[in-house]
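Residue numbers (our numbering), protein chains in the order written: chain A, 899 to 1015; chain B, 15 to 129.
Check the hints yourself; a few may be wrong.
[Stated by the list, open to error] Computed footprint of chain B on chain A, listed as stretches where at least three residues anywhere in the stretch have a Cβ under 8 Å from a Cβ of chain B:
#1 919-926
#2 930-941
#3 1000-1013
These aren't lab readings, by the way, just hints derived from the structure by calculation. Virtual Cβ for every residue (Gly too), placed ideally from N, Cα, C.
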Amino acid sequence: AQKITQTQPGMFVQEKEAVTLDCTYDTSDPSYGLFWYKQPSSGEMIFLIYQGSYDQQNATEGRYSLNFQKARKSANLVISASQLGDSAMYFCAMREGLYNQGGKLIFGQGTELSVKP
Amino acid sequence: DTGVSQDPRHKITKRGQNVTFRCDPISEHNRLYWYRQTLGQGPEFLTYFQNEAQLEKSRLLSDRFSAERPKGSFSTLEIQRTEQGDSAMYLCASRGRSRGEETQYFGPGTRLLVL
Chain A
899 AQKITQTQPG MFVQEKEAVT LDCTYDTSDP SYGLFWYKQP SSGEMIFLIY QGSYDQQNAT
959 EGRYSLNFQK ARKSANLVIS ASQLGDSAMY FCAMREGLYN QGGKLIFGQG TELSVKP
Chain B
15 DTGVSQDPRH KITKRGQNVT FRCDPISEHN RLYWYRQTLG QGPEFLTYFQ NEAQLEKSRL
75 LSDRFSAERP KGSFSTLEIQ RTEQGDSAMY LCASRGRSRG EETQYFGPGT RLLVL
């Protein structure tokens, strides 16, 4: 069964430091996509970064990078140089199957990140 | 490009009433998804449209729930005879039609409170 596990309910990080949010996944499908979303207290889900199962290199988007370890089925999010505005819930999600299939997302439980000044 | 919009942003209703939510996807996005998020949980998939066709429904979508996308543009989600357990955030997302467009973009959500 498809599953996303985020084992850190809450994390603290000092402003300007880097932080890693953990995510492991389980799927038997060879084609899948992994996503990270940020959800501030306002509720909107903000897309951060995407990694395809066949991508050879780890994805990066500005201060965000995804540490993709396929054999270990992990897709950790690294935020460099944390800012106060990074305080939010962070969700890891997985899409199973090829592009032309439905593509529903399976989400983890989330990690609440708090950035300290 | 304007983002995904949802209306209303908040809805308070009494148990037993019907409610309807609207989602306007990013223009040209042919795929539209509805999710439900309860407090402290990640979003859970409800249903998926490709153009006007509803191609997948979750078991979470009981008979009291119905979703439509009549012209392949905006979508509505209706809940009949609401129950307190329906209280949640209802999120809509859209995704493009082109190969390589992997990302689902979410709207601001509709927070439903059933009293």
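Item to check | Violated hints - listed by number, lowest first | outcome: Structure breaks hint 1 only.
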